[in-house]
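As you go down the protein sequences, you meet chains A and B in turn. Just so it is clear: in the first sequence, position 165 is 165 by our numbering, and no numbers are missing. To get our numbering, take the position in the second sequence, counting from 1, and add 1000.
Think of the hints as simulated: they come from the structure by calculation, not from any bench. Predicted model only: the values in this text are computed from it and were never measured. Ideal Cβ positions, reconstructed from N, Cα and C, are used throughout, including at glycine. A couple of the hints might just be wrong.
What the hints assert, rightly or not - Output of the computed footprint for chain B on chain A, the stretches with three or more beta carbons under 8 Å from beta carbons of chain B:
no., stretch
1, 54-66
2, 85-95
3, 180-193
4, 207-219
5, 285-297
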Amino acid sequence: MTARVTHGSRIGPIIAIAALLALAAAPWWTDRQGLRLLGEIYAYAALASLWNLLAGYAGLVTVGQQAFVGLGAYTLFGLALLAGVNPLWGIPAAGLIAAIAAVPVAALTFRLRGAYFAIGTWVVAEVFRLGAAQFSALGGGSGTSLPASVLAAIGNRAAREQLFYWLALALAAATILAILLLLRSRHGLALAAIRDNETAARANGIEVDRTRLAVFVIAAAGTAMIGALIFLQKLRISPDAAFSVNDWTALVIFIAVIGGIGRVEGPLLGTALFFLLRESLSQLGSLYLLVLGAVAIAVMLLAPRGLWGLLADRLGWQLFPLARRLEPRSSAPPVPAATTPAREASP
Amino acid sequence: MEWANAIIQGILLGGLYGLFAAGLSLIFGVMRLVNIAHGDLIVLAAYLALVATQTLGLDPLASLLIVVPAMALIGYALQRLLLNRTLGDDLLPPLLVTFGLSIIIQNGLLEIFSADSRRLQAGALETAALPLAGLSIGLLPLLQFGVAVAAIAGLQLLSWRTPLGRAFRATADDPEVARLMGLDNRHVFALAMALSLAIVALAGVFLALRTNFDPAIGPARLIFGFEAVIIGGLGSLWGTLAGGILLGVAQSIGAQIDPGWQILAGHLLFLAVLAIRPQGLFPRLAA
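Isolated chain A, as found in the complex (with noise of 0.2 Å):
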């Protein structure tokens, strides 16, 4: 028999709505700037969940995910400035539109592999910020601002930014939501797979590209929801600021592998480290860089699973029921191994 549940799995669920209830409730216990710190918090949370998906389970290892934060982030203004779409539609607009340009994305950059992948993905994320900068109804290599009378059609100020805090929450804990579904799904035993080791996940008949390509195409999509709802709550998008490396794939990268790559804990324990590491170096100027780039190859090195995966593994915890375990049968009598081949591991 395999079980997923551990005690701390047990009351995982409980403490994660507890968690989220109060989250949801922060308009009453924090000022604006607390909600505006909360919001970024989610986004980078579910943006390294969504890389750590690509990286950690779909051998996925890309420095590009900027074009779809980008694109996200000018699919949303283009519809607000140009056709007059009210800009909260922009944000799913934004998931159709990446999911379906990152077919051709993947078309093409699959071609690579390895860390030629990533240097490939990059390049794209590159020629989509080229492009956004050769597109002067939007600004061109300027970029442009969302005017009120935009921003009218959704509230006031403070019943926007509300509105705001609650849709980077409901987008962030719904990534991770999806992602521990997926994970548990038919289709994440063979992300597993295929994590563990290619060649033996593809001679056991997994189909390792259509996987690779759906998870690319998921990761696509959320990644642009949450660079749209990004760029909505900043209201000024610049070709630079939508496509940049440091800000949308370095600092999420770094927030992955501080926290663990390959475990869906490791990135919100990671944003979490990342949080506290940013307040308190922020007097630091671009020397805070230069330390969270230290950091991240001394974690690299030394704890090549993460900091998760360090107490994850001295300690056997696991928040999130995902880890598949054999346990024996206690009813049934033992069987000789040498007369029978153990079955195990049956679903």
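On the provided structure of chain A, position chain B as indicated by the hints.
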């Protein structure tokens, strides 16, 4: 005439891209490592040359005598102390460690030199030009192209005619068997990285003579080098130079159409090659 000029400029620029690519291709060939910090190391070499010319009053070309050995030393140490520890079956550690390194170099340079753009001054050499069939060809770009061709010819000779080249090829083919034959892989890898960064030093100095540079331009150089490798075809040094030249020509034709199209045209050529001929235009023939 304008177009002929653009194409010649593109070819000469392509030599520089060939240099960017050669160092990247060398270490990928020897140890399957893709160095994300490659472009930032090129910029680091440019700043080293700037310091050498400013503090010692050296001519930029003479500064190569300091910058090349210094970068080679940095390469050896980097590989021995850091990168060797990341090599293995898993591709994440080398990728993420060099990514972290890239961020460290960028922000370190930013901290020391600020974001102002700099340039190496080459005096009379900058404006000297050869008249050729009605066109005027700058001596400096020509020199840079010659150095690129010579560097790649040198690498080719080294790979196929020297014991070190044999060691490189042996570890590239099978690191385990190479070790059984008495090679110290850690040392061989470190020598490969030293050689790669010596080429990076050449590239950095010529880049700094050619254009303005600042701490943030590294990643774009990495991308150009990478595009040259893929366009040319993995595993072939002369193909890498040809890839660099095609990229340079595409960029200068793009710039001729519209200045905003310069970089984009290069990327589009790369994507077109990836779509039509993913093995590159001049892949190494199977032995």
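Status of the hints after comparison with the structure:
{"no.": "1", "hint": "54-66", "in the structure": "holds (count 3)"}
{"no.": "2", "hint": "85-95", "in the structure": "violated (count 0)"}
{"no.": "3", "hint": "180-193", "in the structure": "violated (count 0)"}
{"no.": "4", "hint": "207-219", "in the structure": "violated (count 0)"}
{"no.": "5", "hint": "285-297", "in the structure": "holds (count 10)"}
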